[in-house]
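Visitor: Top line first, the protein sequences correspond to chains A and B. For the record, in the first sequence the residue sitting at position 20 is 20 according to the numbering used here, with numbers rising by one throughout. For the record, in the second sequence the residue sitting at position 7 is 7 according to the numbering used here, with numbers rising by one throughout.
Hints are computed from structural coordinates only; laboratory data are not their basis. Take the hints with a grain of salt, since some may be wrong.
[Claimed, not checked] In silico contact screen, one side only, chain B against chain A (beta carbon under 8 angstroms); selected entries: (1) ARG3; (2) VAL119; (3) ASP123; (4) THR126; (5) GLY142; (6) ARG145; (7) LEU230; (8) ARG233; (9) TYR236; (10) ALA237; (11) PHE307; (12) ARG313; (13) ARG314; (14) VAL336.
C-beta atoms are modelled at their ideal positions from N, C-alpha and C, and glycine is treated no differently.
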Amino acid sequence: MVQTSTAPLPSSARPYVGTGQRRIDGVSKVTGQARYAAEFPADGLLYGHVVSGGALASGEILRIDTRAAEAVAGVVRVYTHENRPRQPWFDSTYQDQVAPPGIPFRPLKDAKIVYSGQPVALVVAQSLEVAAYAASLLEITYREEPFRTDLAAEQSNAYVPPEKRAGIEPPPPDRGDVDRALAEAPVKVEASYFVAAEHHNPMETHASTVVWNDGKLTVYDKIQGVVASKEYLNEVFGLSPDDVHVISPFVGGAFGVGLRPQYQLFLATMAALDLRRSVRVTLTRDQMFTLTYRPHTIQHLALGAERDGRLTAIRHEAVAATSTFEDYQEVVVNWSGLGYRCPNVAFDYKLAKLHTYTPSDMRAPGAATGVYGLECAMDELAHAAGIDPLELRLKNYAEEDANTGKPFTSKQLRECYRQGAERFGWSRRSPRPRSMRDGRELIGWGLATGFWEASMQQTSARAVLSADGGLELATATADIGTGTYTILAQIAADAMGVPIEQVDVKIGDSSLPASPLEGGSWTAASAGSAVQKACFGLREQLFHHARAMEGSPLANEVLERIIFTGGRMEVANDPSRSVVVADVMAALGLEKLAAEETAKPDQDAQENYSGYTHSAIFVEVRVDEELNVVRVTRIVDAVAAGRILNLKTARSQILGGVVFGIGMALEEQSELDHRFGRFMNHNIAEYHIPVNADVRDIDVIFVEEHDDKVSPIGVKGLGEIGIVGTAAAIANAIFHATGKRVRDLPITPDKLLRDDVDGVSSGMARAG
Amino acid sequence: MNRFSYVRPDAVAAAVRERASDPGARFIAGGTNLLDLMKYDVEAPSRLIDITRLPLRDIQEIDGGLRIGALVPNSDLAYDPRIEERYPLLASAILAGASPQLRNMATTGGNLLQRTRCVYFYDTATPCNKRTPGSGCSAIGGINRQHAILGASEHCIATNPSDMGVALAALRANVRVAGPDGERTIPFSEFHRLPGDEPQRDNNLAADELILSVDLPAEHFAANYTYLKLRERLSYAFALVSVAAALRLEDGKIAEARLALGGVAHKPWRDEEAEELLRGQPAERASFEQAALRILSGARGFGENDFKIELARRAIVRALEQAAAGTPQSQSDKRVQ
Ligand SMILES: Cc1cc2nc3c(=O)[nH]c(=O)nc-3n(C[C@H](O)[C@H](O)[C@H](O)COP(=O)(O)OP(=O)(O)OC[C@H]3O[C@@H](n4cnc5c(N)ncnc54)[C@H](O)[C@@H]3O)c2cc1C
Ligand code: SF4
Numbered sequence: 001m002v003q004t005s006t007a008p009l010p011s012s013a014r015p016y017v018g019t020g021q022r023r024i025d026g027v028s029k030v031t032g033q034a035r036y037a038a039e040f041p042a043d044g045l046l047y048g049h050v051v052s053g054g055a056l057a058s059g060e061i062l063r064i065d066t067r068a069a070e071a072v073a074g075v076v077r078v079y080t081h082e083n084r085p086r087q088p089w090f091d092s093t094y095q096d097q098v099a100p101p102g103i104p105f106r107p108l109k110d111a112k113i114v115y116s117g118q119p120v121a122l123v124v125a126q127s128l129e130v131a132a133y134a135a136s137l138l139e140i141t142y143r144e145e146p147f148r149t150d151l152a153a154e155q156s157n158a159y160v161p162p163e164k165r166a167g168i169e170p171p172p173p174d175r176g177d178v179d180r181a182l183a184e185a186p187v188k189v190e191a192s193y194f195v196a197a198e199h200h201n202p203m204e205t206h207a208s209t210v211v212w213n214d215g216k217l218t219v220y221d222k223i224q225g226v227v228a229s230k231e232y233l234n235e236v237f238g239l240s241p242d243d244v245h246v247i248s249p250f251v252g253g254a255f256g257v258g259l260r261p262q263y264q265l266f267l268a269t270m271a272a273l274d275l276r277r278s279v280r281v282t283l284t285r286d287q288m289f290t291l292t293y294r295p296h297t298i299q300h301l302a303l304g305a306e307r308d309g310r311l312t313a314i315r316h317e318a319v320a321a322t323s324t325f326e327d328y329q330e331v332v333v334n335w336s337g338l339g340y341r342c343p344n345v346a347f348d349y350k351l352a353k354l355h356t357y358t359p360s361d362m363r364a365p366g367a368a369t370g371v372y373g374l375e376c377a378m379d380e381l382a383h384a385a386g387i388d389p390l391e392l393r394l395k396n397y398a399e400e401d402a403n404t405g406k407p408f409t410s411k412q413l414r415e416c417y418r419q420g421a422e423r424f425g426w427s428r429r430s431p432r433p434r435s436m437r438d439g440r441e442l443i444g445w446g447l448a449t450g451f452w453e454a455s456m457q458q459t460s461a462r463a464v465l466s467a468d469g470g471l472e473l474a475t476a477t478a479d480i481g482t483g484t485y486t487i488l489a490q491i492a493a494d495a496m497g498v499p500i501e502q503v504d505v506k507i508g509d510s511s512l513p514a515s516p517l518e519g520g521s522w523t524a525a526s527a528g529s530a531v532q533k534a535c536f537g538l539r540e541q542l543f544h545h546a547r548a549m550e551g552s553p554l555a556n557e558v559l560e561r562i563i564f565t566g567g568r569m570e571v572a573n574d575p576s577r578s579v580v581v582a583d584v585m586a587a588l589g590l591e592k593l594a595a596e597e598t599a600k601p602d603q604d605a606q607e608n609y610s611g612y613t614h615s616a617i618f619v620e621v622r623v624d625e626e627l628n629v630v631r632v633t634r635i636v637d638a639v640a641a642g643r644i645l646n647l648k649t650a651r652s653q654i655l656g657g658v659v660f661g662i663g664m665a666l667e668e669q670s671e672l673d674h675r676f677g678r679f680m681n682h683n684i685a686e687y688h689i690p691v692n693a694d695v696r697d698i699d700v701i702f703v704e705e706h707d708d709k710v711s712p713i714g715v716k717g718l719g720e721i722g723i724v725g726t727a728a729a730i731a732n733a734i735f736h737a738t739g740k741r742v743r744d745l746p747i748t749p750d751k752l753l754r755d756d757v758d759g760v761s762s763g764m765a766r767a768g
Numbered sequence: 001m002n003r004f005s006y007v008r009p010d011a012v013a014a015a016v017r018e019r020a021s022d023p024g025a026r027f028i029a030g031g032t033n034l035l036d037l038m039k040y041d042v043e044a045p046s047r048l049i050d051i052t053r054l055p056l057r058d059i060q061e062i063d064g065g066l067r068i069g070a071l072v073p074n075s076d077l078a079y080d081p082r083i084e085e086r087y088p089l090l091a092s093a094i095l096a097g098a099s100p101q102l103r104n105m106a107t108t109g110g111n112l113l114q115r116t117r118c119v120y121f122y123d124t125a126t127p128c129n130k131r132t133p134g135s136g137c138s139a140i141g142g143i144n145r146q147h148a149i150l151g152a153s154e155h156c157i158a159t160n161p162s163d164m165g166v167a168l169a170a171l172r173a174n175v176r177v178a179g180p181d182g183e184r185t186i187p188f189s190e191f192h193r194l195p196g197d198e199p200q201r202d203n204n205l206a207a208d209e210l211i212l213s214v215d216l217p218a219e220h221f222a223a224n225y226t227y228l229k230l231r232e233r234l235s236y237a238f239a240l241v242s243v244a245a246a247l248r249l250e251d252g253k254i255a256e257a258r259l260a261l262g263g264v265a266h267k268p269w270r271d272e273e274a275e276e277l278l279r280g281q282p283a284e285r286a287s288f289e290q291a292a293l294r295i296l297s298g299a300r301g302f303g304e305n306d307f308k309i310e311l312a313r314r315a316i317v318r319a320l321e322q323a324a325a326g327t328p329q330s331q332s333d334k335r336v337q
């Protein structure tokens, strides 16, 4: 059998993995040759423009007058709930791969308004301009029903989701006696924290180009996994698997908004099938705010500790927003049970129904939110106990995952703390808030821990070696800008001992070997393992052929002792005995040699270990004492994530995650006006994300971590860990700088100023 | 976006004629604001009169001052050596706004006529008196962190978003315009309006008038000035509060003061009484605080934006300190001086 566990190859045979490699798709991207969903041409293409619903979040469309729009030259059809083609009856048909429990939103189903800005019509025309113009001519009257979008007001109606979302671990059972432990704790803190709603806003807005060819569809979709779109279309439109081919070679960012097929895919496909023409639907930037979002969440934390800082109690409660029609869930409070060692822990995770679209996963869903609360509370505890925040964390270091009682597959967090603190200069921190300054700027140093789940998913891949030495890899997975193309090429080039330039990577195509959605930071581990396994399949075939050749220098060898390097198979420690791969292919008269394999997570490791990625993030802020202008001047993020495949793309992932964290801490918020039930700042001039001036020194350290359990290639994944803890570290640094504890994200200037004026920190922690 | 026709005249008179002949027509210069408004269906011009071919791209000497053509791009203006040397306050204010790409496109005239950033104004699904007179003001009782604390009315509490305009107000520029009946000059302080009961009107330019130039007077305050802008990220965001301050000092005393605020009202806000109050005073914090209190004595918040009153007070004091010390705010180093 092919060797699939981590038998690490001799390092001489790994010129690519672990080094910094440029993106193999970089040139095609910067020269505009890489095509995105809205860029694929098609003969006779029609353009659909979505009409978004009005400023009400519940009610009914009374009348929708399409006559003026239909009268515009070039308009082909105006679809509304009144004239749309027949749809499947059962709601369950619309459930996509990651749909939470509930009834998925069905575009143009009926006259009902279930959220503000929902699609209410699709205008299809000969050109984008005509479609957009005609769309502005629709006259729609609504009957409004009462709606609720205020999370704070809905807290009292919050409920424990009756049905669990697949793949999302509900809070573990409480342990110990938290009430008593809190009552007896000599030091305790208790506070509420708020994380604002955020929209993903990838650079590329959502788009689908549906090419109709005699009843068969080729669909170019913006999606984090072509299989999800394909399955959705097969189900919803009752198409046979052969009739739908989904292609998505490049994705201009997604951050989770591309996990579920979005309504433009439904609408474009509906129109294409009905009109028997090719149709493209592209969403505008403001319509991106009518898609899913990171749910705003209210958390309440209480921590109790001995005087020396040893934790005795943690209570972590959260109420998160969801829609009226689906129970979106994420892991928010569980982190408090595994982050630190603590005998008494109580959890509570509830949802509150709001008349918005259903929230969904956004970079480090749940953890970005829950760890923010936990890590701020830890900082408040350190302050209350008079203990250095780093020391507090070391004192409560968790050696095992107490939620499950399982050991970790690996955990080099201690090393993250040590290396991060040293690089940052943490030991020079003066403990008292407001005790470090430079002129009119107060300086603050804060830290936080980051946690994220490390997992892999079953994935298949094919590797095809050509007589000319070219190596083609194929798997359906996506590259949402993370560098998937490049790391797959690296892994394969090393496995086969060929230059990376000879490797061609094909992904984002539903006809390729099956792969899950790109999410959860599992793609490198999953697709990477599959590709390696396929390459090992090739190696095995080549070796057997080589060994069988007459007079083969490998005649008495075993595969384990063979190194593939420089286009040759050679015996380890005896390079004089080798066979040229091309010679084997030629001798056999082979044009191509192929291997297809499926990599699965190790069952035993899954059952007996807990896999997590860890980080320690250190932040310096400078805050103008009078004007409260906050500058994040220095960040050190030390990350332990198993094997690092590509230092360059890995660092980019962490940088991106950290910048996301800066946005979460200081800028990002989708602002609801409850009178309209509508997110109002729906463009990126008014929805603020960090700009260059907000991003200064970010120093990324990858701490060495060997893990032979988490995935066959020892990789944990890096897409999400960069954001986790970052907002807390910034909030903690601001507290250290100013003595002001703002617990509502984002920490905008008004909140820091209000704190000055009121004279007390908002909801000051009760320290005992 | 609607359908429109497009013309590109070569002469000012032709442009004015085009405009006068079609009430639905709009001039378009850099297009950085107008095109966005068209995409949002906030503006639906029947005709676009592209004015970028008009001979209004020069900066000329006039009576010791400078005449800035309406089509001079914001970036050219900010980096013009005469502006950098003689009117650094103006250069600084321009560089505090938007992004390099936008400043390359944006023009002097267009900048003065850019419309408010009130989120309701941009969303045709919501009531807004400025967009649809009589429909109501959604910002009152709604999202208004960015909104006015001075000179607002019950009909509209929007702010003028321009940075450049704040410096021009402090410098007491004049706006030269051409209409069907000829040219006239409008003092900057009278160019923009308060909302009153006609919030749909941002300024006192007649519908068929074209801005020809902005004229800067000889006094330029190149020694003691600053433009201090506070916002929700360190760059590329509209002002919560901004302050243009310029002083002429004699023996440690203030011989003349100029002070204008951005982000706080429907127009760049100048308070001549506060300027007068500073005259003859020592250039020190106590005087600055008095001036700040004077400017803000009529200030009023609408909920989310209450904090702006205190923020403006502090910003005014700091800006005057920067100006007095001759340490103007750098627009590239984001540390507040
Ligand atoms: C994302 C973003 C961020 C921004 N940030 C800032 C900021 O921080 N600070 C800031 O000050 N500005 C900012 N701006 C606004 C920018 O400065 C203005 O959009 C720009 O100055 C407008 O100039 P323009 O030439 O492009 O005007 P246009 O869009 O061409 O025109 C605007 C209006 O002026 C009229 N007009 C133009 N020229 C004349 C003329 N000569 N006579 C009569 N009417 C005329 C047009 O008819 C139109 O109504 C930002 C803009 C964007 C999009
Ligand atoms: S503040 Fe002015 S622009 Fe904003 S909603 Fe009210 S009327 Fe409209």
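Visitor: A separate judgement is required for each hint: does it hold in the structure or not?
Guide: Hint-by-hint comparison with the structure:
no. : hint   : result
1   : ARG3   : 6 angstroms, holds
2   : VAL119 : 4 angstroms, holds
3   : ASP123 : 7 angstroms, holds
4   : THR126 : 5 angstroms, holds
5   : GLY142 : 5 angstroms, holds
6   : ARG145 : 6 angstroms, holds
7   : LEU230 : 6 angstroms, holds
8   : ARG233 : 5 angstroms, holds
9   : TYR236 : 5 angstroms, holds
10  : ALA237 : 6 angstroms, holds
11  : PHE307 : 4 angstroms, holds
12  : ARG313 : 10 angstroms, violated
13  : ARG314 : 5 angstroms, holds
14  : VAL336 : 5 angstroms, holds
Of the numbered hints given earlier, the model fails hint 12 alone.
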